[in-house]
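All chains, please: the whole structure from these sequences, using the hints.
Protein chains: 2
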Amino acid sequence: MAVSPLAPAAFPDLPQIGGVRFSSAAAGVRYKGRTDVMLAVIDPGSTVAGVFTRSATRSAPVLDCEAKLAAPASEGGYAFLVNSGNSNAFTGSAGETAVHGLTAATSAATGVPEANILTASTGVIGEPLPWERIRDALDGLNGSLAPDGIAGAARAIMTTDTFPKGASAEVQVGGKAVRIAGMAKGSGMIAPDMATMLVYIFTDAAYDRAALQALLRRLTDRTFNCITVDSDTSTSDSLLMAATGASGVDATGDDAFAEALEGVMLDLAHQVVRDGEGATKFVEIAVTGAEDDADARKVAMAIANSPLVKTAIAGEDPNWGRIVMAVGKSGAKADRDLLSIRLGETLVAEKGWVSPDYREEAGAAYMKQQELVIGVDLGLGQGSAKAWTCDLTHGYIEINADYRS
Amino acid sequence: MAVSPLAPAAFPDLPQIGGVRFSSAAAGVRYKGRTDVMLAVIDPGSTVAGVFTRSATRSAPVLDCEAKLAAPASEGGYAFLVNSGNSNAFTGSAGETAVHGLTAATSAATGVPEANILTASTGVIGEPLPWERIRDALDGLNGSLAPDGIAGAARAIMTTDTFPKGASAEVQVGGKAVRIAGMAKGSGMIAPDMATMLVYIFTDAAYDRAALQALLRRLTDRTFNCITVDSDTSTSDSLLMAATGASGVDATGDDAFAEALEGVMLDLAHQVVRDGEGATKFVEIAVTGAEDDADARKVAMAIANSPLVKTAIAGEDPNWGRIVMAVGKSGAKADRDLLSIRLGETLVAEKGWVSPDYREEAGAAYMKQQELVIGVDLGLGQGSAKAWTCDLTHGYIEINADYRS
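Taken in sequence, the protein lines are chains A and B.
In terms of my numbering, the first sequence is residues 424 to 828.
In terms of my numbering, the second sequence is residues 424 to 828.
Derived by calculation from the structure, the hints in this document are not laboratory data.
Since the model is a prediction, treat every value here as computed from it, not as a measurement.
Incorrect hints may have been included.
Since the list gives no way to pick out one identical chain from another, each pair is judged satisfied if it fits inside one copy or across any two copies.
[Said to hold, decoys possible] Derived pair list, reagent style EDC-like, types lysine to aspartate or glutamate, alpha-carbon separation capped at 20 Å:
{"no.": "1", "residue 1": "756", "residue 2": "489"}
{"no.": "2", "residue 1": "774", "residue 2": "519"}
{"no.": "3", "residue 1": "791", "residue 2": "821"}
{"no.": "4", "residue 1": "774", "residue 2": "550"}
Listed below in structure tokens is the structure:
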């Protein structure tokens, strides 16, 4: 499949994170001739936190991770084991057998206690995971762990993704540098609900475990929970973050660190949208003037999820009437006569109608851009929110009417 | 545009309803060479009730209708005036000027008091309605009113519809026959919220006004509010019903009448789905075993709105994993291990996994049908609901990436 036209020029040069090593392998889970398993091993003394899908039909690995992170922390380091090609979701008791088989085998290979082995699986739903193939790859994975293996790991977790996704930051905490590096996969079934796609983030700062969990939840609401490709929510969405403390710096509660982490999360979230199935346009929806932030988010997501708005964008049609429609259906408080709509800098509609200075040619010219900003001001209060989405094209239909995912 | 493959063989032979006359005309609102305005005049002594979109950006005609129906009933009969080609939505004070201009002109032409003239407009949002063109057609419309004009009227209100939609019933009330006849338009921007597309229903029974309003609301929730084409809700959705009493029979509170009316409404709702933009499959989602009916409806609509389910149907892929996903994201209470899924009569998944007797070939053969039933039993309680939708195809993208609606 061709790489998304919205992809970054290249995978970024990610910093090594002290205390974390990566490897990847081709276990033949579903795909032939490409890597499909990644292993990350994290040194003892690290803290780990995670955020997961709220789907009522969560996958077996998600249920296992949630149980482990809810238990008191245990010693001995962590390992993340992730495969693509099969999500091990809706696979009944066989799904649990596969997870336990893999966590036991990973513990045997790496020496990390089984209570600290966190797995994820992504791909087709409802088919048995051929977990023995992954088990048989574990000794090789353990033997090839390397501090610079993150790029290969990011590639191994791709499914319909057309490019691997990475982002990083370096930030000063108490006068000393700490680093954050993350990777993500995702391009369809993207409307995370209080969670995200598969995302793994690492830092060499130390961070209190409960505080890290709270920080991740808060930042997820402002990053991964504000993107949508197709309004569908995965059974497997998982975000895990490990803070190794290898830098000797404790970043717990540090504002600059939180800001840098939010930047990394937002960058990864945007890359997921840029790899949206069939996407040719990257669209930011910026809502202001709502009664509160929750209403602003409702409006932003209603626009971002509207098939009629997304097909208009695909057709480069400045069809702001469909934006009005989406505002109206959002459930948020809105007053037709106070609403204003902008395409980029151009004021299109205000006071309940098209702006007197607006010219259709200006809107049509703007819509030809690859990166678009739709601005909506509700004129009611101080609430604001942003959401990010892509257009809805023939490519989405082609991918999903044929691909069994 | 080609007629939908899911269209009925022909427009039904609708009974004449005593006390109602129809006409249609080509006023050139937007389209050339086709009718685009319909007038229905209803005799004095009739009662009228209506249900409208809950969009926060409702059109000017919807706001006018709501105000008129909220006021005490007045004497002198009713008129419904409807145009296609322009929705007169988000047109500011010019929208109100257009509505008042049209209701005054319709009153002058027909002799019906202005307080009883109910209008609707459907088509492009945000462009001024050239209402003078409709005004200039009113004398001709009034002069050509006829009891058998309903088929022409149903055709005049079409936009992206590929066929006109009608349905009828005859039912015995107190040993005497009364008749119901209705028409509808709609094929995109279809996810009515406590309302519907443009729908007009007539009966020669008498019916108490407040009771008719309550009946319409209740039946709308079980018919038009259970269909979806694209999850988008129109600014103009309107359902109006007139009970003329010309039969001499009062049907207020009659169960057989309510059942017959529900049948007419469901028939029209299904026809809207059958004319869904780009549709090639008609799909019923039947949910049982939910904790309550509200949860069942959440699950049914989550499946019916899921782009991934709808593209799988377009691809004739028995991809029940995507149905599991949609159940999971619906927000309804669900237990993976109690859930069962059927494609038609075939049990596909149960007890948290694929059914041991299920063969992929059976599912694949079923998906080739044009009419599909997806059954989901949640195994929790007695709640049930049905929803109706169509598949998501290249046709939908073609229509909406190009057509300015």
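Hint-by-hint comparison with the structure:
In the homo-oligomer, the alpha carbons of residue 756 and residue 489 lie at most 20 Å apart only across protomers (19 Å), although the nearest pairing inside one protomer, at 36 Å, exceeds that limit. In this homomeric assembly, residue 774 and residue 519 come within 20 Å of each other (Cα to Cα) only across copies, at 14 Å, whereas the closest approach inside a single copy is 57 Å. In this homomeric assembly, residue 791 and residue 821 come within 20 Å of each other (Cα to Cα) only across copies, at 18 Å, whereas the closest approach inside a single copy is 23 Å. In this homomeric assembly, residue 774 and residue 550 come within 20 Å of each other (Cα to Cα) only across copies, at 14 Å, whereas the closest approach inside a single copy is 54 Å.
Hint violations for this structure: none, all hints satisfied.
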